[in-house]
Amino acid sequence: MSYLPAAPPPPPRRALLRGALGLGTAAALTACGGGSTTPRTSGDVTLGLWTHDPGYEAFFDKGIPEADRAGDFRYHLKVTRAGAPDVVTKLLAQAVAGRGTPDLVGFEIGSFPRMLRGDIAERLLHDFTPDIEAVPGLKEDLLPARTAPFSRDGRVYAFDSDTPMVVYFHRQDLFEKYGLAPSMATWEEFAEAGARVHRDHEASMCVVSTVGSDPGQVVQSFQMLLYQRGGAFFDADGTLVLDSPEAEEVLRFLCRGLRSGFVVEVSDYYGAGMQTALKRGRVIGLPMAIWYKNYGLVTNVPEQKGTWRVRALPRFAKGGGVTAALGGTGFGVVEGKANTRAATEFLFRTWLTHEGQVRRFTETGYLPTRRSVYEDPRLGAYQDEFCGGQRLFGLYRALLPDVPPFHQSPDQSILYDVLGGNLLRAYHGDLSPRQALKQTAADFRDQAGR
Amino acid sequence: MTRARLPLYAFLVLLFVGFLAPLVWALSGSFKPRGDIFGYPPKLLPDPFTLDNYRTLLTEQPFARWFLMSTVVAAVATVVSVFVCALAGYAFAKFRFAGKRLLFNVMFSSLSIPFAVILVPLFVILVKTGLGSPWFALIVPWVAPAFGIFMMQQYIVQSIPDSVLEAARIDGASEFGIFRTIVLPLLRPALGALGVWQFLQSYNSFLWPLVLVSDSSQYTLPLGLQTLFVSEQRQYDLVLAGAVLAVLPAVALFVLLRKQLLEGLSTGAVKG
Chain A
1 MSYLPAAPPP PPRRALLRGA LGLGTAAALT ACGGGSTTPR TSGDVTLGLW
51 THDPGYEAFF DKGIPEADRA GDFRYHLKVT RAGAPDVVTK LLAQAVAGRG
101 TPDLVGFEIG SFPRMLRGDI AERLLHDFTP DIEAVPGLKE DLLPARTAPF
151 SRDGRVYAFD SDTPMVVYFH RQDLFEKYGL APSMATWEEF AEAGARVHRD
201 HEASMCVVST VGSDPGQVVQ SFQMLLYQRG GAFFDADGTL VLDSPEAEEV
251 LRFLCRGLRS GFVVEVSDYY GAGMQTALKR GRVIGLPMAI WYKNYGLVTN
301 VPEQKGTWRV RALPRFAKGG GVTAALGGTG FGVVEGKANT RAATEFLFRT
351 WLTHEGQVRR FTETGYLPTR RSVYEDPRLG AYQDEFCGGQ RLFGLYRALL
401 PDVPPFHQSP DQSILYDVLG GNLLRAYHGD LSPRQALKQT AADFRDQAGR
Chain B
1 MTRARLPLYA FLVLLFVGFL APLVWALSGS FKPRGDIFGY PPKLLPDPFT
51 LDNYRTLLTE QPFARWFLMS TVVAAVATVV SVFVCALAGY AFAKFRFAGK
101 RLLFNVMFSS LSIPFAVILV PLFVILVKTG LGSPWFALIV PWVAPAFGIF
151 MMQQYIVQSI PDSVLEAARI DGASEFGIFR TIVLPLLRPA LGALGVWQFL
201 QSYNSFLWPL VLVSDSSQYT LPLGLQTLFV SEQRQYDLVL AGAVLAVLPA
251 VALFVLLRKQ LLEGLSTGAV KG
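Chain order of the listed sequences is A and B. As numbered in the working numbering, residues 1 to 450 make up the first sequence, in order. As numbered in the working numbering, residues 1 to 272 make up the second sequence, in order.
Everything labelled a hint here was simulated from the structure, so no lab data went into it. Heads up, the beta-carbon is just placed ideally off N, CA and C, and yes, glycines get one too. Treat each hint with caution, since some may be false.
Said to hold, decoys possible - With the Cβ distance kept under 7 Å, some of the chain B side facing chain A (calculated, not the full set):
1. F38
2. Y40
3. S112
4. A116
5. V120
6. F123
7. V124
8. I125
9. V127
10. L210
11. S216
12. Q226
13. T227
14. R234
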């Protein structure tokens, strides 16, 4: 299969002039035209890469020989690291100033909605749609659930780093010790057993984050189960669809769990609160995205290696799937620069190849975003030592059809702010789940103006 | 110490412990392995004690370059700004010129504008005028702070009588000579206080270097330390070690200028 993206787009200045809309974004786009925009077609090229995670830097660095062999460029990387939200702030400021924009940018999923405001993404980022279509079979192979968060109006602006499925992490040793049946299939059964475990052992089997200064983290706990249940925050058009029976059911479930002790509040999924709860055996299981093993468990409780296991989420009795997705980082290319074509080809020849996606998992722990890669025997043979040598890929393959799409809205940060506050009020019993959701929808409409 | 004052001292000691606690926790945590930082029950003394965090920070991260960048930029910005503020404050306090009141009010009202508002325009101006190189541009926003000019103007009005300046003029001193030999020495306590404030402003600045600098080797400390906190993989061990080292210049400056700082905040140079 050839990984040659579509031919370079027409001169960007013309496109920019055609679409001159807002003053701010016009300036941003003019920025892209700063310096020479004559596309480089071969030879030495140094790509400016901005990322918040050194893991990606290492991945792309190792991918250079593969990309060099596959095309006419000889790649070099100049990497800039910044915090996830800072990458977008910096990109927009540099674009407005007309200099210094990178060629390749990693957008943490929660920061990407800022690019969806107005026509920023359309004008600043390269649209990969024609490039995808130019590669036979690629469009069908890419998981739509993972192009959705980085798309708008049918255009794809970034490729995700992961299929961050939500699974159920649990302490196998304590599950056995507390006599928890391995066959519990529904959340309702889990909650019943969880109340007993909390009463007898002061341990909890589910977690909600209540760190007030981080609405995104507060929302995560609810978001995972909501999407698993079949609900959503926004639909494909960016319209708020949160106020639904599924959302009410999930929030009621969490509130009831908090009263019974099945669910416990922690101040921070990644820091002191969670580490203490894990070390003391107060938390013996939780639903979380697969990357939490590396960022939450291995980091906080390395001594518990071998005691953790992964299983599919229990179902809700009334419906929904057995997984959701949480997180991700999309890599995009800045449009209208001399290196736009080179950067696009680099992405296609490292990030999106079969080998690249296998390497992504073995080197960073992120699941492929292409269906066919899940059949690779090397991944099937992979054993996870932290999870007691468990072969996890069979599970991931089985969960794949249930991964729901996650559509983002430019006003997502507003939703997170208002939802975070109302979730906390519901958890603490100050609002009923119904009231909390209605209030959230009303607050969102007030602040977002739609 | 009288018995009546015991409750006051007890309260002050408690307050002191409260303010010191985060620093002590950071210091203790910087000598612990990552997995022990949030251990339960919490231990004040690291066990095991390790220097690995500092070693990693200094050998595997460009910490020394970040440190140098921050310290040099803050030092230059402080020296230049203190001089500019004294000069401008002197002009506002002791000279009459057309539009003085309007200019002062405009300058004063700029105190209410958050830096984030002028961030992008300032950046664009510097880039378009070709002055956007990091060494220069990192210093520029701090060289004429409205707060500093206002502070100097107030201090000069209250502390330096016109008669002193008039006597110097009668003796034939030039205006800049008067500023250099009379005004600046009398301003020393206020300059010390402003210097400490200004150093910390520049040293702790995050947003401006974030937008301005793209080369990681030219990062300032706050920016560099932020890169250790990437994604959900929070390297508390390295961040705490970095924070402990980062606080050293500020502490050293405070110790060196403590006298001037306290005088500047409490008294005038010349009693009227």
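Which earlier hints can't be squared with this structure?
Checked against the structure, the hints that fail are numbers 3, 4 and 8, while the rest are satisfied.
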